[in-house]
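A.B. asks: So you can see what is in the structure, the chains are spelled out below.
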Amino acid sequence: MPEVAVEANDITKRYGATTALDDVTLSVRRGSVYGLVGPNGAGKTTLLGILSGLRRPTSGTFAVDAQRIGVLPDTPSFDSWLTAFEVVDLSRALNVPDAPEVSVDAVLDRAGLAHVSGRKVGGFSRGMLQRLGLAAAVVGEPDVLLLDEPAAALDPAGRREVLDMVAALRGSSTVVFSSHILDDVQQVCDTVGILKEGALVYEGTLGDLVRNSEHDAAYEVRFRGDGVPLADILNAEGWVTTVVMADDRLTVSAANAAVIERELTRCVARARIPIISLTPIERSLEDVFLEVTK
Amino acid sequence: MSLWRLEVVRLVRTYRLWILLGIFGFFAVLGPATAKYLPEIVEQLGGGVEIAVPVATPELGMAQYLGNALQIGLLAVAFVAASSLAFDSKPEMATFLRTRTTVGRILEPRYVINMAAAAGSFLLGSAIAFAVTAVLIASPSLSGVVVGSLLVALYLCFTVAVTGLFASLLRSVPGTALLTVGVLISLSILGLVPAIRPWLPSELVGAYDALIGGGDFVYWRAAASALALSAGAIAFSVFRMQRREV
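Which chain is which? The protein sequence lines are Z and B, in order. So for the first sequence, my numbering puts the first residue at 1; every next one is plus one. So for the second sequence, my numbering puts the first residue at 295; every next one is plus one.
Watch out, some of these pointers could steer you wrong.
FRET-style restraints, in silico, Cβ to Cβ [as the list claims (entries may be wrong)]: (1) 183/Z x 296/B: 53 to 63 Å; (2) 201/Z x 539/B: 34 to 44 Å; (3) 180/Z x 316/B: 47 to 57 Å; (4) 466/B x 60/Z: 51 to 61 Å; (5) 483/B x 96/Z: 50 to 60 Å; (6) 23/Z x 536/B: 22 to 32 Å.
Since the hints were derived computationally from the structure, they do not count as laboratory data. Everything numeric in this text was worked out from a predicted model, so none of it was measured. Beta carbons are placed, not taken as given, at the ideal position from N, Cα and C, and that holds for glycine.
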């Protein structure tokens, strides 16, 4: 079985004069959870539409190595006169007709919808529809699951349930899920692809993304007493890019992490002031995301 | 829940089946009744003015049913069929179905069930009209009613097929239904050309009155073209929907 479950090569999609996707190449490892992030209009939904076979690329090729594909649109909609059970059961009948009906109950339970399984979906909130859509996608036992903003309309508890469901699929299914909620991506994704104006500007692990961002490395120094001598010493150093002092702490940044790790302790020793702590400032995924997509 | 059961449930829970049965059932009683009591009705409303009305005959009773029921019935059939066949009008619904099975498998039960509902409703109405006419006036020609009803039922199936054709070109339920009815009405204008007229599916509607009135069966060409055009419309709609992006 190939290691890569989803592969796109030089995918371009144009709508008239508008380029929705521009030469996108990506690959998703089998059994992994891949996060597709980007601002609104970056091309996430278009890319998922192409991978699910519902849209055709203007140029480029793609391959999804799967017997069954599950797809969850960003605003799921079902015939309002069907019950939740019937929606998921229809999905089961179409995808895995040999699976027993009891699997429908199990999936509805996992989605937190067991108590409304007999209710018509016309009265469901958007969050309930999103969970129902995920249940309908999961009941088909898909090899590849394409989720478009699966937790966008959910309250914190609902979001937790959905993210847990997605995380539980790791290993058994390959999941590609788009989101602009970076915290969700950070919680469940092994790999991330960042789309910006239709182009894939980054693909890799979250750790590499944060580590390899071109932004300065920074440390926070907490001290007792007067920090001016330390600030003066740092300002005189060539490797320092900025020094910001506030009350009992000082933030110093440098062009790369190695030089700051090597030189900062030397400067602190020269200043001869009581030090409480030296702490590297971790950059959040959000910081890096904003930097990459700006 | 299979795709076949889904269509049956759609017709029942959305009351569309009852709407079709109601329309054809209502006019099945009203048509023959107005034919029978038209002189009395006109006399009550005429205010002393003498108006000549046709004598109540079995043929008039059945003609009243067809004339009244088919006007609104055709529109209802087109709307009911469009609401099922134009499933691309909701991209999220289309995504649900298309990522799980083929367009052909989605459309197959939709065509069959909607054709059965349209034809069945009309045939049931025709049977009721036959019975009411027989009770109130006199028994119409049974063979004429049976064959004529089957030909109109074929025309309604053709209507469903044309609806599917336009559903594959538009993404709107009302647009699909109204375009279908508009095109069907426009096509009947082609009947002004004598060479084309026998081939027009709309001739099947005229067969109802003619056959009940004892006319000869001369509708092979209209029936053949209705069958061929329906098959072509269905094949085109499957081909077109397969290629259409969601």
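A.B. asks: If a hint holds in the structure, say so; if it does not, say that too.
C.D. replies: Okay, the hints, checked on the actual structure:
Our hint of 53 to 63 Å for residue 183/Z and residue 296/B is violated, since their Cβ atoms are close to 41 Å apart. In this structure the supplied range 34 to 44 Å is violated for residue 201/Z paired with residue 539/B, their Cβ-Cβ distance being about 26 Å. As the Cβ distance of residue 180/Z to residue 316/B is approximately 49 Å, the hint placing it in 47 to 57 Å holds. At about 32 Å, the beta-carbon gap between residue 466/B and residue 60/Z misses the expected band of 51 to 61 Å.
For residue 483/B and residue 96/Z, the Cβ-Cβ distance of about 52 Å falls inside the hinted range of 50 to 60 Å, so the restraint holds. Taken as a hint, the range 22 to 32 Å holds for the pair residue 23/Z and residue 536/B, whose Cβ atoms sit roughly 28 Å apart.
In this structure, the earlier hints numbered 1, 2, 4 are contradicted, and the remaining ones agree with it.
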